[in-house]
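Based on the sequences and whatever the hints tell you, model everything.
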Amino acid sequence: MRSRLVLGEKGIEAVAHFTCPSRMISKALHFVIDTGSELSFLGWKDAIQVGIEVENLPTYPRPVAGFGGAAEAKHLIDPCFVYIDFDDTLKQVELPNGMLVYRPSRTKTKQWRIEESVSILGRDFIRNSGSRLVVDLANNEAYFEG
Amino acid sequence: MIVNQEEALASIRRERQNLEWINKSLSSLREKFGDRYIAVHDRQVIDSDEQFERLLARIRKLEHPESVTIEYVTALEYLWML
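If you read the protein sequences in the order shown, they are chains A and B.
Under this note's numbering, think of the first position of the first sequence as 1, with each following residue one higher.
Under this note's numbering, think of the first position of the second sequence as 1, with each following residue one higher.
There may be inaccurate statements among the hints.
[What the hints assert, rightly or not] No farther apart than 27 Å at their CA atoms in a straight line, the calculated lysine-lysine pairs in the DSS-like style are these:
| id | chain 1 | residue 1 | chain 2 | residue 2 |
| --- | --- | --- | --- | --- |
| 1 | B | K32 | A | K91 |
| 2 | A | K10 | A | K27 |
| 3 | B | K24 | A | K27 |
| 4 | A | K27 | A | K91 |
| 5 | B | K32 | A | K10 |
| 6 | A | K10 | B | K24 |
| 7 | B | K32 | B | K61 |
| 8 | A | K10 | A | K91 |
Honestly, the hints are just simulated from the structure, not real lab data.
Structure, rendered in structure tokens:
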């Protein structure tokens, strides 16, 4: 069975149904697939849209390092589930340690910049999904298989 | 919370349609909505704003806010890297 991925401007994206039952969160979102990221992240914009009060989340104890430098991340500790469409059948992938919420850099006006916000499914998701990630850019095709 | 399979599949299909439409329409969206957030429902821009929270507040008043995809459209065509 396959779950087709979307090739977009920001990368290879999965459209998935995200739930966090303890917080009554349930919404379809799109995530960039990032094999360079150890953990999965909710972008600031998506976190606010699903109703998470980000400022009240605990700070993740490790700094998050990327090409843009180190940054602080909040931790949505509650178990989360990501549902992917495999040929019209839902496959549930649990993220038992929750998700991180990435805090973007501040602007000079001291307001959070959320416009660059993207949500990411990292290696924790790929591992827990038990699926193979197949990327065939020469043929404009990417999918999860399994 | 138990996820209803049909509802979840339908929400994934709607989000995918909106996302693919946004990707396909990016050049014209940049011209009309550059550096703004857009709200897309059923492959149409139904609202836009420079401020995310302001747009989200209006979308939440709709009958089915969960079926709306909100995306930021940059005026410039960036080279993205993670």
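**Report entry** Those earlier numbered hints the structure runs against, lowest number first
**Finding:** 1
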